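Enquirer: Based on the hints, put chain H in the right spot on chain P.
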Amino acid sequence: MSLKTERLTLGYGDRRVIEALDLEIEAGRMTAILGPNGCGKSTLLRALARLAAPMAGRVTLDGDDIHATNTRALARRMAILPQDPLAPDGVSVGDLVRRGRTPWRGFLSPWSDADARACADALAAVAMTDLAERTLNELSGGQRQRAWLALVLAQDTPLLLLDEPTTFLDLVHQLDLLSLLRKRNLETGQTVVSVLHDLNLAARFSDALVLLGRSGIVATGAPEAVLTSDNLKAAFGLSARVDPDPVTGKPMVIPL
Amino acid sequence: MIRRSVLPALLLAAVVASLLIGQVPMSLAMLWQGLVTGEGPGALILDTIRGPRVLTAIGAGAVLGLSGVIFQTLFRNPLAAPDVMGFTSGAGLAIVGAIAFGLTVPMPLVAAAGGLAAAVLVAALAWRRGHRTPPLTLILVGLGVGFFTSALSTFLMTLLPYSEAAEAQRWLTGSLAARDWTHVAQVWGIGVVLVAAALAQAGRLEVLELGHDLAAGLGIRVERARWALSATGVLLAAAGVAVAGPVPFVALMSGPLGVRVTGATGVAARMLSGAGAGALVLLLADLAARAALPGIQLPAGVMTGILGAPYLLWRLSREMERGKL
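As you go down the protein sequences, you meet chains P and H in turn. Numbered according to the working numbering, the first sequence spans residues 1 to 256. Numbered according to the working numbering, the second sequence spans residues 1 to 325.
Bound-form chain P, shown alone:
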């Protein structure tokens, strides 16, 4: 798995939010994209997932331009969980997760053992095996988000992209979800790229950070190198002190 952007320029209408970005996502790692509102975090993630077309430049996965690759073939290599997926009325968790097998299933092809295994595995990974029969609207917000995560895990791709997966969750469920992802990442080697808001959680659960500012990229690399006072000032206009977290030793941002 090698995901790269080459001179990638993104925007809407006449406004450019990202200009000529060269970025390489490390395989097998967890990468978080951070930045202030409106800096183009989600736009960047959507472009990595071929959901937003670049104004210039390209995104490549293992050397293939993702906008020139068959979208179904691509769906076996990368999965995207968007910010606000829509839940059909009365759908059960198990039904939802089964839809994650779409790119692996041919026209009229029967449900295979591999499909069943991938779904069982995905449900187990988010600790929802017992809740498979429940309908989505019976679940709490945290459980619901885990069900959506199970859908993209069942897709069984080497690369997983998540657009603000923790935004509507309280702190406990944010920790819960990111721990699940970390565990999965360590066990399967799945590369995870997510847009996150909480800097400290991002530092704690990521191997690499991509920090965006109002005018493009500010810093990329290990959390220690990216989360510095100067970078935070440049990206957010935030005056902050960064100390090592007394528990994890990762950088901890303390706004001043």
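Rather than coming from a laboratory, the hints here were simulated on the basis of the structure. Given the structure is predicted, the values throughout are model-derived calculations rather than measurements. Glycine included, each C-beta is placed from N, C-alpha and C at the ideal position. It cannot be assumed that every hint is accurate.
As the list claims (entries may be wrong) - Residues from chain H shown here face chain P by an in silico Cβ test under 10 Å; the list is partial:
(1) I2
(2) R3
(3) E164
(4) H212
(5) A215
(6) L218
(7) G263
Expert: Positioned in the frame of chain P, the structure of chain H alone reads:
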């Protein structure tokens, strides 16, 4: 298991009742005799008078109901239906036009052309550069296109001689009177093909339901899949209109009614429930229209209108309560 047999049982009961009740009442024994021997009043009823009418109603109701399920699922809105969005009135206009100008093209083709033209018009009017059209916009634009095509139909009727205009009026209301086996063959032949096409797309529709981005991430070519499903839905509705006229509200009501009866959750099962409910609604509407006033045969569309309009109002008020309107 019991729940699964409710809709077929209701359908069967409606078929039997439709065959028994009418200007000449029948008994089960007479029908049975007609069925076995092919002679007597029972055979006449089965072969000519009520048999084709019942089968046409089932076929037309089923394709209309299925069409409603497709649009309601695709646009995630219970108000999205070919009869609300102007597609059936487009098909109706094309047929009245064909009658007025004396064209000798097969009715299903005329209806299909009219329905597709109305759908393309709705999409074009609702389209804005660089924006994804919200379903509600499509529904409202469709409502407008529906009024417009209905007005054009009325205008065309004024050009017709009195007797033909009366016939066209009756037809535009949606009626199953005097249907014969050619109508049955038409709607069932086309219907079977289109139902198969719709079921083949059920999996894709199930993924489209999760929203544009997730569907695209799962490898669906979203725009293409939407157009293919819309075209299938319009053609289904047109197949119904070609034999029964633009009966109002059958497509709107059948999807939710079918799901209420069967409890189906998967898209394929919802499609079949909607088709079954559509057949049931049109059969019962036709039966009620025949039996309501002694000596007078109302068109079925009058009944579906009387049933459907309150349903539409109830739906609107519910959608407003849920803050979706």
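Enquirer: Broken hints, numbered, in rising order?
Expert: Hints 1, 2 and 3 contradicted; others consistent.
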